[in-house]
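There are 2 protein chains.
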Amino acid sequence: MAHTKLSDAEIANRLESLRGWSVVQGKLHRDLSFDTFVDAFGFMARVALVAEAMNHHPEWQNVYNRVAVDLSTHDAGGITELDFALAARIDELAAR
Amino acid sequence: MAHTKLSDAEIANRLESLRGWSVVQGKLHRDLSFDTFVDAFGFMARVALVAEAMNHHPEWQNVYNRVAVDLSTHDAGGITELDFALAARIDELAAR
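From first to last, the protein sequence lines stand for chains A and B.
Under my numbering, think of the first position of the first sequence as 1344, with each following residue one higher.
Under my numbering, think of the first position of the second sequence as 1344, with each following residue one higher.
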């Protein structure tokens, strides 16, 4: 898995394969909304397990049924393939 | 459980019985730090179960091993006894 910071053009290209993600303050950002807190935190628990297995963790905030996720790769100083890989997994988990 | 907004004096008085909490932007705030993401998210999972049982939920954000918690009671437009009750439970769970 590459950890090289992607260019703006590479990021724009990869964003087309995701849904609901944009670049906010240099990070991949997605806002998600669920029916209840149980649903929101259930989603977070699924993402937490996947993130730990990838050894790549989101920055995120939760307010009741809403979760905001920001992804970037600290070591690379920007957005990398690793962030897009985690974003794709998050989309899979959010779609359930 | 009272849901009446507490006065500044009542809040200051109750803050003395907690550790690490302050009022930030009108909410009870505490920053917590753990050894790892697993520890941080394990803490969040414990708090989530307690919060759901209380039907009172935190606003919180997590970045790797750090968790920032904000508590307020939306219906009351401020900080209530319910927030201090949840803060006390959070302190118990954080101390484990």
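Hints may contain errors.
It does not matter which identical chain is used: a pair holds within one copy or between any two.
Straight-line alpha carbon distances no greater than 25 Å define the calculated DMTMM-like cross-link-like pairs of lysine to aspartate or glutamate that follow [as the list claims (entries may be wrong)]:
| no. | residue 1 | residue 2 |
| --- | --- | --- |
| 1 | K1348 | D1378 |
| 2 | K1348 | D1382 |
| 3 | K1370 | D1413 |
| 4 | K1370 | E1402 |
The set of hints was computed from the structure by calculation and includes no laboratory data.
Each hint tested on the structure:
1. K1348 - D1378: neither (35 Å within a copy, 27 Å between copies)
2. K1348 - D1382: Neither. Shortest intra-copy (33 Å) and inter-copy (29 Å) distances fail the 25 Å Cα cut-off.
3. K1370 - D1413: both (6 Å within a copy, 23 Å between copies)
4. K1370 - E1402: both (10 Å within a copy, 21 Å between copies)
Checked against the numbered hints listed earlier, the structure breaks hints 1 and 2; every other hint is satisfied.
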